[in-house]
Every structure is written in C-alpha cells, then in structure tokens.
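What follows is the residue order along each chain.
2 protein chains.
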Amino acid sequence: MSDFQKSLRTTITRLPKRGHYEKETVYSILDEALYGTLAYSRDGQPFQIPTGFCRIDDAIYIHGSVGSGYMREITGNRLPVCFSVTHIDGLVLARSAFHHSVNYRSVVLFSEGEVVTDEEELYRALEVFTEKMCPGRWADIRKPNKKEWKATMVLKFRIGEASAKIRTGPPKDDDEDYEMEVWAGVLPLELVRQSPVADPDLKEGVVLPDYLG
Amino acid sequence: MSDFQKSLRTTITRLPKRGHYEKETVYSILDEALYGTLAYSRDGQPFQIPTGFCRIDDAIYIHGSVGSGYMREITGNRLPVCFSVTHIDGLVLARSAFHHSVNYRSVVLFSEGEVVTDEEELYRALEVFTEKMCPGRWADIRKPNKKEWKATMVLKFRIGEASAKIRTGPPKDDDEDYEMEVWAGVLPLELVRQSPVADPDLKEGVVLPDYLG
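Line order of the protein sequences matches chains G and U.
At position 72 of the first sequence the residue is numbered 54 (the working numbering), and the sequence of numbers has no breaks.
At position 2 of the second sequence the residue is numbered -16 (the working numbering), and the sequence of numbers has no breaks.
Same shape as in the complex, but just chain G:
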C-alpha cells in the first residue's frame, strides 16, 4: 500500500520520529479500534462524539439514527471533521518523573461526511461493522428489515489526509539516571475479552456459538 501525502494538518511536528504515514500502519490502527472520536465545529465551538465505526478500503463508516442531529448537521453543512483513535499499549515507567510516558498508537484523520444512499454499500458497511466487533456474528443474527434500514443513517468519510503516531519500547532516561536504584520498564496493557455473559432472557437450550467460545 502507498503512503498518505503529508499535509500541514497531518505532519507530526512534536516528536516527528513518532509520525507514520504508511496506509498499512494507519489502517491497522483504525481496524483494531472499537470506537473513535469524531470532532466537528460550530461557530468556533468544537464538539466530540465517541462512536463505533469500521473501515472499508479508503473510507470509514459510522452509523446512527436518521434522527441524529449531529449527523444531519455535519453532512448538511459539509462540515470538516477530524476523527481519531488511540490504543494505549503500556505505561512507560522511567527512573525520572520527566521521562515517564506511555506506549501508544494513534491515528488522526481529516475528512467530510457523506450520507450513504447506495443499498449495497449500506448493507456492506453494517456487515463489516458487526464482523469487526464480533467476527462470525453476522451469519448468526437477524438482518435488518426494511423498517430498520429506514431508521438507520450511515455516513462515509473518505480518508484523504491521515497520520499515525506511535511510541514503543522501554523508557529513555537521562544518562546519569541509569545508576539509580529505581525499577524501570513497561507495564503492558491489553484490552481483554472476558467470558460471555448470557442474556437473562436467553431462550432455553440456546448454546454459546463457537465463535464466542
């Protein structure tokens, strides 16, 4: 895959070594995220919406109710938006307070939203979204009926400008601090899926499917 062209908005100026512009890197960070934060602005006032999303090719998709005020606002007025995701992979414990840090992978991208009207694209976005949250789920469940489709709005954001920022590895202390009697290293963090909890109203005899086992 190619690289995103650096723009004024996406070029990492603070700690530029942490900046990454390869599509593959950006997309793998997006695809692992269970939600992202969408920001838009009205009369200089920024707003943020945490939302689930999925990526297909060079676009991300979000969905909501057709009654969603912010979705109508950002598409109706073709507002510029900023979308970000962040994974915190570990706490970086240095010998000095100053060099404490976190290992992370984040993506920030800029776009504008469009309402998806093509039925095939709508359907595919919902399927990819569901499969991303829980691989194997789509085949198992009742698909949206006409009424539900009518109640759902899907927005597409083409990924034109994007960059990733990544920190990995052990702490980096000042030379003279390596002699200190202080433990230093990384405390890795992981988002772990726990054992499934059945709906109290689960129909008798229905067992946990293999893809959740």
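Intra- or inter-copy, both count: the list cannot distinguish identical chains.
Result set (SDA-like, lysine to any residue): computed pairs, CA atoms no more than 25 Å apart in a straight line:
{"no.": "1", "residue 1": "Lys114", "residue 2": "Asp71"}
{"no.": "2", "residue 1": "Lys154", "residue 2": "Val189"}
{"no.": "3", "residue 1": "Lys(-12)", "residue 2": "Arg54"}
{"no.": "4", "residue 1": "Lys132", "residue 2": "Ile38"}
{"no.": "5", "residue 1": "Lys114", "residue 2": "Leu194"}
{"no.": "6", "residue 1": "Lys185", "residue 2": "Leu169"}
{"no.": "7", "residue 1": "Lys114", "residue 2": "Arg175"}
{"no.": "8", "residue 1": "Lys114", "residue 2": "Ile148"}
{"no.": "9", "residue 1": "Lys138", "residue 2": "Gln27"}
{"no.": "10", "residue 1": "Lys138", "residue 2": "Thr(-5)"}
{"no.": "11", "residue 1": "Lys114", "residue 2": "Asn85"}
To be clear, the hints were calculated from the coordinates, so they are not data collected in a lab.
Let chain G serve as the given structure and place chain U on it in line with the hints.
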C-alpha cells in the same frame, strides 16, 4: 457532590435516558481514563489531540512541552475546547443486527485552557498524574529538576459544563426476536495490566517494587 447544570451543549438529546449529570459519576469516569481526546477548532477546522490527563477537584490538567504549538494556540487565543473520554465495557450481542450495541461510559466536557503558573499547583498536577497512571510511583522516582520544570507546560481546564453517557446491561431485542435460536448476551471487555517488562538497561540487583507486584 452536586450535579452539573444541563446546558444546550451538554444535554443528551439522543437516548436521553443514558445521560448523567452527577459530578460523582462524571468524575469517576474521568478518573479511570488513561487518556482523553482534546478537540479545538481553527477557522472552522476541528483538530484532535489524544493526551494523558488527571483531574483535581473541578479541573482537569494536561501537560506537554513548552514548545507545544497547540498548547500555545489554545491558551494564547483562549479557544473553546471540548474534551472527552470513553470506556468500552462490553459488546452487546443482540438477536438482531439492529439492536447490537456496546456498553460504555463516556464523558464530554467543555472548557477553555489556562497555563498553570503556580509552582505548587504545577507540582501537584504532575504528582497526581503520575500516581493515577501508577499508584505508588511518585515516591520512588527522581522528581523534576529546574531544567525539566522549565521545559514543561501544564494546562488547566475548569470543568464548567459536562455530561456523561452510559449504557449497561443485556441486549434489548424486539419482542418477537426473543424466540430466535440465537445466543444473546454481553461480551465484557477489560483493560488488563499485564506482567511488567523490565528495561533491558535496568541496573543489576534492582527488584520490582511492591506496588507493581
């Protein structure tokens, strides 16, 4: 603790039952988050910065380099900002695609940034921040020296307007779908601290402190 007064910006209009305005609720969600997303806007263009933070009383604090462009921009121009945090607590697996959801706790707040100049407040913000990331750490490490203090900028955002949005519990399906032969329930997610990984350059003989054991 009291409640935040609902404002036009913080009143949850979409699924209002999920809206919460008690300070205690808002603060517990903030305090558990390892990072938040700060949004500001320049000429109608929104930007987002994922950043670590801590809360003390009715304010949140972030820190960065005195060379940080965005920190100077938002304080120099007294830009309105929006800050949010989100915890995803579980995937809600319904019988229908339409009723799939996530259990989450999010906070969105509005403020303006001020540069902290009071030395005691600076010091306290850094201590609370470090202790939030890793309780017990502050007493163990080398505190910032003069040069490091001079290189650090701390911003304070008073929490004037804030709201939380929370979903908990099992899926809520359409009545007729409860008869389907489809497993339904919640897949809980938890951010788990893994075993500490020592710095390859750790001084010989330094052992893991109790607060990390």
